[in-house]
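Chemist: Could you build all of it, start to finish, from the sequences and the hints given here?
First residue of the sequence shown? That's 1182 in this note's numbering, and the numbers climb one at a time after it.
Hints were generated in silico from the structure; no laboratory data involved. Nothing here was measured: the structure is a model prediction, and the numbers come from that model. Don't take every hint at face value.
[Unchecked claim] In silico lysine-lysine, BS3-like type, Cα no more than 25 Å apart, as pairs: (1) 1208 - 1231; (2) 1194 - 1231; (3) 1244 - 1208; (4) 1231 - 1244; (5) 1208 - 1194; (6) 1194 - 1225.
[Claimed, not checked] Derived CB-CB ranges, DEER-like: (7) 1203 - 1225: 34 to 40 Å; (8) 1224 - 1203: 30 to 36 Å; (9) 1254 - 1234: 27 to 33 Å; (10) 1182 - 1206: 29 to 35 Å; (11) 1201 - 1225: 28 to 34 Å; (12) 1223 - 1197: 34 to 40 Å; (13) 1225 - 1205: 34 to 40 Å.
From the three backbone atoms N, C-alpha and C, an ideal C-beta is built for every residue, glycine too.
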Amino acid sequence: MATLKYVRTENGKIVAFPMHHSHSDYKTLRPISAGFIEVNRGAKGTLVWKCYGYSISLDLPSKQEDTFILHNQIGYENLCKSYF
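Modeler: Written out as structure tokens, the structure is:
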């Protein structure tokens, strides 16, 4: 399992960054949601990405649609196929 932090900007882009950065480092992007990205391997070896949680430094929650937006942004199906 790997974990990243993220913010979602007002134009709908997910910006992911390492855990040692603070969400507030990205406040100039004017985020509308923020939290964490968990990456796991699914039952068939595919990557499973999930957005969740809350940013204390920005006082912003993640939103249910963030995972869907992330999947679309990274080309979820193509990404999984390219690894396996």
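Chemist: With reference to the structure, classify each hint as holding or not holding.
Modeler: A quick look at each hint next to the structure:
1. Only pairs whose Cα atoms come within 25 Å are accepted, and residue 1208 paired with residue 1231 is accepted, the gap being roughly 22 Å.
2. Among the hinted pairs, residue 1194 with residue 1231 is consistent with the structure: their alpha-carbon atoms are about 15 Å apart, no more than 25 Å.
3. Distance restraint check for residue 1244 and residue 1208: the Cα-Cα separation of roughly 17 Å lies within the 25 Å cut-off, and the hinted pair is therefore satisfied.
4. Distance check on the hinted pair: residue 1231 and residue 1244 sit about 11 Å apart at the alpha-carbon level, within 25 Å; holds.
5. Using a Cα cut-off of 25 Å, the hinted pair residue 1208 and residue 1194 holds, with the two alpha carbons roughly 14 Å apart.
6. Between residue 1194 and residue 1225, the direct Cα distance comes to roughly 28 Å. Violation of the 25 Å bound is thereby established for this hinted pair.
7. At roughly 36 Å, the beta carbons of residue 1203 and residue 1225 sit within the given window of 34 to 40 Å.
8. Residue 1224 and residue 1203 have their C-beta atoms about 34 Å apart, which keeps the hinted 30 to 36 Å range intact.
9. Between residue 1254 and residue 1234 the CB atoms are about 18 Å apart, so this pair departs from the stated range of 27 to 33 Å.
10. The hint said 29 to 35 Å for the Cβ distance between residue 1182 and residue 1206, and at roughly 23 Å that hint is violated.
11. Checked against the hint of 28 to 34 Å, the C-beta distance between residue 1201 and residue 1225 comes to roughly 32 Å, which is consistent with it.
12. In this structure the supplied range 34 to 40 Å is violated for residue 1223 paired with residue 1197, their Cβ-Cβ distance being about 19 Å.
13. In this structure, residue 1225 and residue 1205 meet the distance hint of 34 to 40 Å, their C-beta atoms being roughly 38 Å apart.
Going down the numbered hints, you'll see the structure goes against 6, 9, 10, 12, while the others check out.
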